[in-house]
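Asks: Take a look at the letters that make up each chain.
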Amino acid sequence: MLLEKHDQCNNRKILFIATGNSEPMTGGIYYIKNILSAFQKKLSIELLLWPNSFGQFERWIPFIFANLKIITTALKAKSPFIVYDSRFYAVFVYLSWLLKLLGFASITIYQGSHLRLAVHESCLKKFLRRILLSSTLRQSKLIIANSSITHSELVSDFGLAEDSISVIPPGFQSDNWTQPSGLFNSTVLKIFVPSRYQWVKGVDVIVNAIHAMKCRNIIVRIVGAKQDNELDYYADLKRSAKDLPIEFFDYKNHEEMKNVYRFRYHCYSKPI
Amino acid sequence: MYIDSDIIVIPSRFESFGISVLEGLWHGCTVVCSDALPKEIRNSSCHIHSFESENISDLASILDKMAIKKYNGDIIRFPYPLIDAEKWSWNRFQNEIYEFIINRKIA
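If you're matching them up, the sequences are chains P and E in order. Heads up, the first sequence is in my numbering, so the first residue is 1 and it goes up one at a time. Heads up, the second sequence is in my numbering, so the first residue is 1 and it goes up one at a time.
Bear in mind the hints are in silico, worked out from the structure with no lab data behind them. It should be emphasised that the depicted structure is a prediction, and the values quoted were computed from it without experimental measurement. Backbone N, C-alpha and C define an ideal beta-carbon position, used for all residues, glycine too. Misleading hints may appear alongside valid ones.
Covered stretches of chain E, going by a simulated chain P footprint (3 or more residues, C-beta under 8 Å) [said to hold, decoys possible]:
no., segment
1, 44–57
2, 66–78
Here are the computed lysine-lysine pairs in the DSSO-like style, where the Cα-Cα straight-line distance is at most 30 Å [said to hold, decoys possible]:
no., chain 1, residue 1, chain 2, residue 2
3, E, Lys69, P, Lys242
4, P, Lys238, E, Lys69
5, E, Lys87, P, Lys226
6, P, Lys238, E, Lys65
7, P, Lys190, P, Lys214
A partial selection of chain E residues facing chain P, derived with a Cβ cut-off under 8 Å [stated by the list, open to error]:
no., residue
8, Tyr2
9, Ser5
10, Ile8
11, Pro11
12, His27
13, Ile83
14, Trp88
15, Phe93
16, Gln94
Construct the entire structure; sequences and hints are all you get.
Replies: Here it is, written out as structure tokens:
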């Protein structure tokens with residue numbers, strides 16, 4: 001998470017807009033909501049949150065429409081306080097520079113005198129995302145990482161000084177979860193792997209570990225989302241787990257896991 | 001799944017945070033995760049066992065121990081949350097972030 005402060009908050013109408021990202025729980029909407037709550041304690045702030053998190057599931061069309069709505073809402077409100085996804089932030093910055101270069105200096109798309117919050121995904125391996133994030137980083141006065149891993153990544157990948165980044169881990173939202181229940185009497189060990197079917201998530205590691213285990217009083221259930229670009233990986237996993245006590249579930253066909261994601265992807269569409 | 005499981009395994013090669021660990025702990029499950037997860041998460045409870053990322057025998061050994069414990073009737077899964085509620089509250093986050101921003105007094 002990047003956080004930039006150009007100006008002290010005042011008591012004018014302040015509009016916050018969160019476009020969310022692929023990690024709404026740890027890097028997105030919950031961050032935004034709670035940062036805003038922190039300031040609400042001390043300052044008079046009007047708040048609107050409109051995350052686009054559901055766009056991740058339904059892909060690009062809802063994503064685009066959600067962001068268009070955010071942008072038009074911000075423009076109408078003439079917001080002095082805007083929160084958005086770092087990718088959009090960078091687009092605003094670059095577009096402003098381009099317009100100035102073309103002689104349209106009177107058109108202001110992004111205004112540097114406001115308090116801005118930008119939330120970004122930490123796992124930014126792709127070239128384009130790295131370019132977009134760089135522009136946000138360069139202009140940031142304060143940088144907060146959600147974990148030591150994100151901290152290290154920002155230091156190694158972007159050459160930032162270690163002491164220029166602070167680590168503030170997020171909280172955990174337990175309201176929507178069922179209370180833990182009693183103990184099991186069974187002698188079978190039930191193992192749950194909540195994961196996406198991706199190499200980086202190491203699902204093959206657990207499958208191979210089950211192969212290597214001596215005990216067989218186990219049931220393993222893996223629930224995750226199949227990734228379009230790693231279907232071969234998923235097929236290999238299923239093949240290698242053929243004779244093992246492993247069940248694979250796709251979260252889209254699994255009601256409980258769909259609820260898990262719903263809990264994470266809260267949508268705040270009215271003022272808090 | 002969380003309710004109907006003894007342990008949660010997070011075998012990731014990379015994880016910027018690892019919210020599933022907290023979800024598992026909240027449900028009273030023992031957690032086994034790779035050391036690719038951030039230390040803030042791995043050190044957050046004595047019910048978390050970490051293994052060297054990608055080390056299959058290390059993970060298999062931990063799981064075998066769990067399976068033996070389960071077979072012997074030892075407690076692996078608890079009927080109450082195993083996370084420090086205050087440490088992982090959003091109130092704590094709000095206070096930290098507010099103090100951080102205000103105290104830095106960026107011009």
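Asks: Each hint should be assessed against the structure and marked as holding or not.
Replies: Hints, one by one, checked against the model:
1. 44–57: holds (count 4)
2. 66–78: holds (count 10)
3. E:Lys69 - P:Lys242: This hinted pair holds, its Cα atoms lying about 26 Å apart.
4. P:Lys238 - E:Lys69: holds (28 Å)
5. E:Lys87 - P:Lys226: violated (33 Å)
6. P:Lys238 - E:Lys65: Roughly 25 Å separates the two Cα atoms, so the pair holds.
7. P:Lys190 - P:Lys214: holds (16 Å)
8. Tyr2: This interface hint holds because 7 Å falls under the 8 Å limit.
9. Ser5: holds (4 Å)
10. Ile8: holds (5 Å)
11. Pro11: Check passed: Cβ of proline 11 (chain E) comes within 4 Å of chain P, closer than 8 Å.
12. His27: holds (5 Å)
13. Ile83: Holds, because the Cβ-Cβ distance from isoleucine 83 (chain E) to chain P comes to roughly 7 Å (cut-off 8 Å).
14. Trp88: Constraint on tryptophan 88 (chain E) satisfied, holds at 4 Å.
15. Phe93: At about 5 Å, which falls below the 8 Å cut-off, the nearest Cβ of chain P leaves the hint on phenylalanine 93 (chain E) intact, so it holds.
16. Gln94: holds (4 Å)
In the structure shown, a violation is registered for the earlier hint numbered 5 alone.
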